[in-house]
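Residue numbers (this note's numbering), protein chains in the order written: chain A, 9 to 103; chain B, 3 to 165.
Hints listed in this document are in silico derivations from the structure and should not be mistaken for laboratory results.
Every value quoted in this text rests on a predicted model; they were computed, and no experiment measured them.
Some hints could be false.
As the list claims (entries may be wrong) - Below, simulated BS3-like cross-link-like pairs (lysine-lysine); rule was C-alpha separation at most 30 Å, straight line:
hint, chain 1, residue 1, chain 2, residue 2
1, A, Lys50, A, Lys95
2, B, Lys139, A, Lys76
3, A, Lys38, A, Lys13
4, B, Lys139, A, Lys38
5, A, Lys13, A, Lys50
6, A, Lys90, A, Lys50
7, B, Lys139, A, Lys95
8, B, Lys139, A, Lys50
Stated by the list, open to error - Interface residues of chain A toward chain B, partial, derived using beta-carbon atoms under 10 Å:
hint, residue
9, Ala24
10, Ser56
11, Thr86
12, Ile88
By construction, the Cβ of each residue, glycine as well, lies at the ideal position given by its N, Cα and C atoms.
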Amino acid sequence: MAREKVVLVACGTAVATSTVVAMAIEEEMKARGIPVSIRQCKATEVPSLIDDVDLVVSTTPIPSGLPKPVITTLAFLTGIGKDDVLKQIEQHLRA
Amino acid sequence: MKEDSVTSLLTTYLEPEAILLGLEADSDVEVIRRLGARLEALGRVRASFVPAVLAREATMPTGLPLGGEANVAVPHTDPEHVIGAALALATLARPVSFANMEDPEERLAVRVVFLMALDDKSKQIDMLQKIAETIQKPATIAALGEALTIAEAMAVLDAPAAP
Chain A
9 MAREKVVLVA
19 CGTAVATSTV
29 VAMAIEEEMK
39 ARGIPVSIRQ
49 CKATEVPSLI
59 DDVDLVVSTT
69 PIPSGLPKPV
79 ITTLAFLTGI
89 GKDDVLKQIE
99 QHLRA
Chain B
3 MKEDSVTSLL
13 TTYLEPEAIL
23 LGLEADSDVE
33 VIRRLGARLE
43 ALGRVRASFV
53 PAVLAREATM
63 PTGLPLGGEA
73 NVAVPHTDPE
83 HVIGAALALA
93 TLARPVSFAN
103 MEDPEERLAV
113 RVVFLMALDD
123 KSKQIDMLQK
133 IAETIQKPAT
143 IAALGEALTI
153 AEAMAVLDAP
163 AAP
């Protein structure tokens, strides 16, 4: 059984957009058979929470040079480029 | 009559008094102030809400690029400024510039603004998802922009999801 991967979902205030993104990622990864655990946080909190996550997905810019992969995207809100982003997320989580 | 209950979620949170169609505004600040004033008058948000939304928009903007000249913005702030969850909607007579959520240096021409008063993320998941769905349908955003009456705007938002 594959180890569950941890995705950290960030947005500006951790109230609105990260919730939509978190649910979309959870659903889509489940459909792909990839066990995933989602955490949500504010963009400013990412550096302090990054140690035990596998991937960060954010709707707002976050600091560069972090030790884990980061995807900044609005695809889960606007629908634009969603398939591409899902492929990218899948690749990161299957790595 | 069986209804798709999710599709009327937006209008559950959206009172007619919180809809401004064909709003003439010169800035994102003005749009947020006008919509915020409606929510305050309806008793849905505290006096601190509008300043908080403006402060957030200035550093973490909410413009969402939809690939054309009719983009959407979804300003909001932390739950402490909200009395009861609600939504306010403005369609703009002429585009107003909001910064892009993903790239705050970039300005977007916005035509539809959803001002969101969220008091607890777990309760508003459905509303948030419905807004995301609505944003993802160019035809819906176009129809909203063209709505001439409150009833028309609400009907666009309530329209059943395409099969």
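Could you work out which of the previously given hints the structure breaks and list their numbers from low to high? 2 and 10
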